[in-house]
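In our numbering, the protein residues as written are 1 to 904.
None of these hints come from the bench; they were simulated from the model. Hints are all accurate, no fakes.
Computed list of lysine-lysine pairs in DSS-like fashion (alpha-carbon distance at most 30 Å, straight line):
(1) 636 / 594
(2) 654 / 629
(3) 896 / 840
(4) 860 / 889
Label-pair restraints from in silico Cβ distances:
(5) 711 / 837: 45 to 55 Å
(6) 830 / 698: 54 to 64 Å
(7) 871 / 787: 17 to 27 Å
(8) 338 / 444: 52 to 62 Å
(9) 368 / 282: 15 to 25 Å
(10) 519 / 475: 29 to 39 Å
(11) 683 / 892: 46 to 56 Å
(12) 455 / 566: 31 to 41 Å
(13) 871 / 698: 48 to 58 Å
(14) 632 / 661: 17 to 27 Å
All C-beta atoms, glycine included, are put in the ideal place defined by N, C-alpha and C.
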Amino acid sequence: MKFFREQLYLTLLVLCSITTFGQIEITFPAERAIFQRNNGNASIVYVAGHYRSRVDRIEARFVPIQGGSAVGWSTIANFPNYGLFRGSLVVSGGWYRLEVRGTLNGEVLFQSEVSRVGIGEVFVIAGQSNAQGYNNFGQRGANDDRVNVISNHYSLGQNLPQYPSFGKLEAESKIAPTGNGAWCWGELGDMLASRLNVPILFINTAWEGYEVAQFVRSSYGESGINPYSQISAPAGYPFNSMSNALHYYTNLTGMRSVLWHQGETDNYLNTPREVYVDQLKTLIQQTRNVTGKNISWMVSRASKDQTRYYPTVVEAQNTVISSTENVFFGPNTDEIHDRRDGVHFSTTGLTRLAEAWNSSMNQNFFSFSNPQLGNPPLQLNQNCDPDGNPNEPVIITAPQGYSTYQWSNGGNNNSTRLGQGYHQGRAKDRFGNVYYSAPIIINDNILPEKPTISALGNTEFCAGESVELVANKESSIFWNVNQSGPKIQASNPGYYSATYVNFYGCGTTSDPIEIKNFPTTVPKIRASGPTEICSDQELKLIADVSSNLKWSNGEQSPEINVKESGNYFAMARNEYGCEGKSEEINVNIKPAAKVPSVINNGSNEFCQKDSTILVVNSDDDFEWNIGTKNQEISIKNSGTYYATARNSFNCTAKSNEIKIQVNPTPEKPTITAKGPTTFCDDSTVVLVAPDAVEYEWSNGINQKEILVAQTSNMFLKVSNEFGCVSPISDMVEVVALPTPKNPNVIQTGTFTLSASFTGDTSSLNYIWKLNGEPFDNNSPRLKAKSQGDYSVIGVQNYQLSDGNMLTCSSIASKELNYVISENNKGFSVYPNPNYVDEMKIETLEDVDNATISVYDLTGKIYRTYFVPLFDDVKTFDLVGVPHGEYVIKIKNNRTKYISKLIIR
Numbered sequence: 001m002k003f004f005r006e007q008l009y010l011t012l013l014v015l016c017s018i019t020t021f022g023q024i025e026i027t028f029p030a031e032r033a034i035f036q037r038n039n040g041n042a043s044i045v046y047v048a049g050h051y052r053s054r055v056d057r058i059e060a061r062f063v064p065i066q067g068g069s070a071v072g073w074s075t076i077a078n079f080p081n082y083g084l085f086r087g088s089l090v091v092s093g094g095w096y097r098l099e100v101r102g103t104l105n106g107e108v109l110f111q112s113e114v115s116r117v118g119i120g121e122v123f124v125i126a127g128q129s130n131a132q133g134y135n136n137f138g139q140r141g142a143n144d145d146r147v148n149v150i151s152n153h154y155s156l157g158q159n160l161p162q163y164p165s166f167g168k169l170e171a172e173s174k175i176a177p178t179g180n181g182a183w184c185w186g187e188l189g190d191m192l193a194s195r196l197n198v199p200i201l202f203i204n205t206a207w208e209g210y211e212v213a214q215f216v217r218s219s220y221g222e223s224g225i226n227p228y229s230q231i232s233a234p235a236g237y238p239f240n241s242m243s244n245a246l247h248y249y250t251n252l253t254g255m256r257s258v259l260w261h262q263g264e265t266d267n268y269l270n271t272p273r274e275v276y277v278d279q280l281k282t283l284i285q286q287t288r289n290v291t292g293k294n295i296s297w298m299v300s301r302a303s304k305d306q307t308r309y310y311p312t313v314v315e316a317q318n319t320v321i322s323s324t325e326n327v328f329f330g331p332n333t334d335e336i337h338d339r340r341d342g343v344h345f346s347t348t349g350l351t352r353l354a355e356a357w358n359s360s361m362n363q364n365f366f367s368f369s370n371p372q373l374g375n376p377p378l379q380l381n382q383n384c385d386p387d388g389n390p391n392e393p394v395i396i397t398a399p400q401g402y403s404t405y406q407w408s409n410g411g412n413n414n415s416t417r418l419g420q421g422y423h424q425g426r427a428k429d430r431f432g433n434v435y436y437s438a439p440i441i442i443n444d445n446i447l448p449e450k451p452t453i454s455a456l457g458n459t460e461f462c463a464g465e466s467v468e469l470v471a472n473k474e475s476s477i478f479w480n481v482n483q484s485g486p487k488i489q490a491s492n493p494g495y496y497s498a499t500y501v502n503f504y505g506c507g508t509t510s511d512p513i514e515i516k517n518f519p520t521t522v523p524k525i526r527a528s529g530p531t532e533i534c535s536d537q538e539l540k541l542i543a544d545v546s547s548n549l550k551w552s553n554g555e556q557s558p559e560i561n562v563k564e565s566g567n568y569f570a571m572a573r574n575e576y577g578c579e580g581k582s583e584e585i586n587v588n589i590k591p592a593a594k595v596p597s598v599i600n601n602g603s604n605e606f607c608q609k610d611s612t613i614l615v616v617n618s619d620d621d622f623e624w625n626i627g628t629k630n631q632e633i634s635i636k637n638s639g640t641y642y643a644t645a646r647n648s649f650n651c652t653a654k655s656n657e658i659k660i661q662v663n664p665t666p667e668k669p670t671i672t673a674k675g676p677t678t679f680c681d682d683s684t685v686v687l688v689a690p691d692a693v694e695y696e697w698s699n700g701i702n703q704k705e706i707l708v709a710q711t712s713n714m715f716l717k718v719s720n721e722f723g724c725v726s727p728i729s730d731m732v733e734v735v736a737l738p739t740p741k742n743p744n745v746i747q748t749g750t751f752t753l754s755a756s757f758t759g760d761t762s763s764l765n766y767i768w769k770l771n772g773e774p775f776d777n778n779s780p781r782l783k784a785k786s787q788g789d790y791s792v793i794g795v796q797n798y799q800l801s802d803g804n805m806l807t808c809s810s811i812a813s814k815e816l817n818y819v820i821s822e823n824n825k826g827f828s829v830y831p832n833p834n835y836v837d838e839m840k841i842e843t844l845e846d847v848d849n850a851t852i853s854v855y856d857l858t859g860k861i862y863r864t865y866f867v868p869l870f871d872d873v874k875t876f877d878l879v880g881v882p883h884g885e886y887v888i889k890i891k892n893n894r895t896k897y898i899s900k901l902i903i904r
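Sequences are here, hints too, so could you generate the full structure?
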């Protein structure tokens, strides 16, 4: 409680410095607060506070004072509740004026500001006296307004840090929690602010006279012992000054690095190198362990005590820097000799010390060190519960998940009750890092006055009527009928009251007003069908009330026929004189469409392969019942056909119907042949049609069966009982192959018989018979060596397409009686006398290798011929042989024939 009483006093002082316009207060961040930037030169800045009248938006902006980039008006809270607001903005490094305003419906109601807020660099100073500083050593305060410190706490272990306040670093300033005066830090702050163009915040945790081992010893809860005075520090100190700063301050502001300057006492104690290395590494790790953060360190090289330097400590410090992650080289301050007492720096020495620190903080340090950004203040939820405790009706709740909670009223749970006054809470995580809430100041009456309501008219009336109820508050009025606002229309019977809720979320409820209703007969009406109809359709409106009824068109019957467009309703009056009105029914009557006409340009009945044309006549758009919109349609199927016209009002009219009957067409017939369709022309074939009513053959015959004797391509159509004609059948090819005709045997030479036929005989075969007996000779001529009766038969063979052979034979010729004349003597020359310049010679026997000589009577040879074989009549040329008588001699080695020839 002591902590919070001190904090209350100091926070009130801070809040008094906040410029307030009207009804808004900024409680976070505090004046001159500086937050650590990231390596991208930006940070998230949280803004929190109170307002005292209802708004729908809280906006904030950051106006640059020195450095930085402006952040224009930005919404940080939409529709805030309970008088609290909190939000955040990303702001780049710089020194700013923070402005916050509340608006309602776009109108600015109030505004406030924090005149100086910074985003820059935060350093935690640690070590011994040349880090802690002394007053009255000629130190210089910061000239730059941007160099600041936490200014409201100084303690060497007696008290825990308070919620921080900030101030400019003056020459004799106390730098929380243990720093004495500006020392070199004021001048270093000026150098850094000028070079980096961002504000600087210092936190000093150094203790005079302690070697490094005492810092480590106290980190485990023991008391550090000053080796010069042998005085013990409080338990946990001097380390707790560092851990408290890291927990209570930098968890809120963030930080860049610890700045370590220590080593003089270890010179005095002759601390071994290995011991110093181990102790400093342990100390660095302890700061990280107790925060859960990878905190950066910059370690100076310092050992000078009086006139003695101690390189062992400097070597140890170099080893720690080189071998430990996120630790950087600070200045070697043993090289600065401007000392007042051999240990502590003089005025010029402090300037050189500041310069040395500034040089060490180079670009590499700012690029690769690990800045820790500040954490947001606790997010508080607030509601009102006056029934639980009317003196403390506000319930504040912090998020769950923290290890401990502490409130300024002594509460230690995550929620607490508040009344009027100053309030603040804080929570710790498992590492001990402290999360403060923004201060809460309640200086108004938390519970509002009870509102009053009144009726602007009678509170007893017919059902369906209403009265206006009015509250005496213009906003934040909530009625018990789930409505809000200063006025409502009350129509239903019952008790009506209004609750006024202020910005704390606390409400009070008015006395009720009772509303009474007389029953009203409200007729219900319905339509017999759709209420948008065409003028050729019928629509009835029907009411559920049969007496004291009047329609809007003046009719009084429960059921009316509607012929005109309009809004129709019914009124009914009951015994209380209360008249009820039905809901309205809107009726729209559109012009009917003209009835189209359909005509058939053909017959209503036809065969399947035929069609007809239907034609529609219509003044409007139309559509056939088969889906097409053509004026003419070709019909090939049975059915009922009509067209529907549709006018611009979407009314329809149906044409006359035309019924179409499409009769079936017989299937394509198949012709059956009773025998082969390829035959000799002295034969025939019978073709048969399938059963039908009528037949039409390609040759004009109308019978089911026909006899075909000639070559022809035959096809067929049949008709059914409807007179529908089938498709033409497949063609049947009938082929009557020629048979040899008119055989005759003719004697064409002395010993030669020839067969004679009419027609083509080029491929004819011959069967010769002598005295009725056939003999071997397949030739149109033969040498008749025997006398007798000769006849011949012609035979024609045909190769059919199916691979078979068809043979057509003639009848036998008339017999020729052949007689061999004894006068011929087996040899014949003709014609004799000869008039034709050639002669023919036949021999009865087949004389081979015969020489034929032509002599005149003087023995002169005129012609000589050679015949290999006399197997047929041979013809010889006599051109050029003079007229006269000649001797013809035929001989071979076995035979000789001689005959006389006269050439004329």
